[in-house]
Amino acid sequence: MSSAVLPGPAARRTGSRAGKRLAAILSPFVQAIVVTLLVMVITFFLIRTLLGDPAVVLIGGNTGASPQRIAALRAELGLDKPLLVQFLGYLAGLLHGDLGNSFQHPGTTVASVVVNGAGVTFALVGVALLISCVVGIGVGLLAAGGNRPVFDNIVRVFSLIGLAAPGALVGLVLILTVALGGRLFPAGGWGSGYPDSFQYLFLPAVTVSFWLTPIILRVVRTRAGEVLHEPFAEAAAARGMSRARLMLRHVAPNCAGPVLAVIGVSLSYLISGAVIVEIVYGLPGIGRAMTTAVGSLDFPVIQGIVLLTGAVVVVLNLIAEVATRVIDPRAAR
Amino acid sequence: MTAVVEPPNPAAMPRPASPRRRRTLNLRAERLVGLTIVVVLALAFIIVPLVSPVSSSDISAMPLAPPSARHLFGTDQLGRDIFVRVFEAGRIDLGLIVVSIAVAAFGGALLGLIAAYLPAVGRAVISRITDATMAFPYIVLVIALAAALGNRELIPGLPRGAAAISIAIMIACWPPYTRLTMSRAIVLRERDSVVAARVLGYGPMRILFRHIGPALVSTNLSYAATQAVATTALVGSLAFLGVGIAPPTPELGRMMADSIALLPIAWWAPIIPGLVVLVLGVGFALMADSAGGRNSR
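The listed protein sequences derive, respectively, from chains A and B.
Numbering of the first sequence is given in numbering that gives the first Met the number 0, commencing with residue 0 and proceeding in unit increments.
Numbering of the second sequence is given in numbering that gives the first Met the number 0, commencing with residue 0 and proceeding in unit increments.
The set of hints was computed from the structure by calculation and includes no laboratory data.
Possibly wrong hints are sitting among the right ones.
If you want the footprint, here are the derived chain A segments under chain B, 3+ residues with CB under 8 Å [said to hold, decoys possible]:
(1) 26-38
(2) 232-245
(3) 272-284
(4) 290-303
Quick caveat, the model's predicted, so the values are computed rather than measured.
Note that beta-carbon positions come from the ideal geometry of N, C-alpha and C, so glycine has one too.
Given the sequences, and given the hints that come with them, work out the whole structure.
Shown next, in the form of structure tokens:
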């Protein structure tokens, strides 16, 4: 009766089932591509209309540079053409895999800037993920199934701080205490290739993982608690299986699903956190590349970085979404 | 005549007697503590700059002085009193966060309510737009928009750059509210009380606002608090990326970023603003009741 009185959604009567299945599978991919393209287009036009004139910045501010010089530089950089023409030129270059050259350093390709920076940033994120997983899963398993209120409260406080603390603060505190106070790790900077660089990665990675570790910890603790109450686990314990073996061989693998899901969702946060932490520690990653590019109005570099980070994040989200649907078909809307 | 069954309401179900019961009461207390923290901070942000004898731009004191009775939080590299600056900066940051999220939440929820009553086509369009915006990673979106809108004075009276951050936050934050509200409203639409109202001849607007609307407020509020946590940490870090409110207006992130290099000799300059951001974030997190014990059963 209710649906007769109120307007309801129109019934779908068209389309084959196979067609709909295909659309459902493709739809996240299509959306990902569309979003990446949108990011690129919007960035391109926004920075060229709103950010100002790179030629002025390159010549060194308004200190009496003649308009002819500025105009000549603009022509050289291709800035005098209409926006649409510039955009098409950019697209054409993209299709050849050419991201352009930096305005600031015309000899350097955007690609090299981006790749060098990305190498550092992704190394940072990778190590941070490793730390988060090891600590999060380890402590989560330890805390599972127990009813120790003191421990629970410590975890609660840690979760709150980890969630709410800005990455910069955590980094600063760590630098102050560990690097400057205890002299255990360098306070910033970068080494000359691996394995020397690992020592420069450690503190930043811990800083980045501060946010993710409590989340993984709670997820693992909840899930492990559930698994421990399942019949097979209780039977195994009744048969005399040691707690350690029970945890490692039976409970832990069951936690993998939720942990992966959480990681998938948090990846873009992690990357942005990493960018900020890089700047605090002075690491030569994407963060530094981006700030210098924005400061000098180096359009191609800005576009390249935004495109790369946007694409990476979109791809990661895509993988996460596809993985979730594969693991649990009910999750598909 | 069968009514559509409402999804089971966990709060109404008989609660099993368990040692966890105490935790539920603690949950209420947690949210209250969070709210208190935020409110106290907000009041402090407003009052301290007003009553302080020292101005935030007064550079007459000795630079880089450690915390003392005269300068409770010490002074920065220009000799400005950090205590006053921190509270004035907090006012700007908190105001920015609260206003932006409030507008985003209200607008998003409104859109969701309207969408619930539109024909399927309109709903589909709005859903697509919502999903597309949500597909953009939140932080990338905020940073990109704030950087693009730049350091200009978009709204007279506000410090330069503030409007840009605000708009960026609003654009990044509205979609979840629309989605939440729309799906809930569609379910609520079938409720007996709403059906009765419709039969009695109330127009859709009135039904929306007086019958369906109030049921959605708490969900949206709690989501707003969750967003506030992430946004607070984000706003505190924006200055590191060169984006944000231009000097000389004090801003917590900027205060941190500008004094990083001073960490070995004047730790109070970068860390104290950071601690304020942390406390604010913790307050919001407690209000949101999603951090801590709630989901850990």
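| query | Of the hints stated earlier, which fail here? | reply | 2
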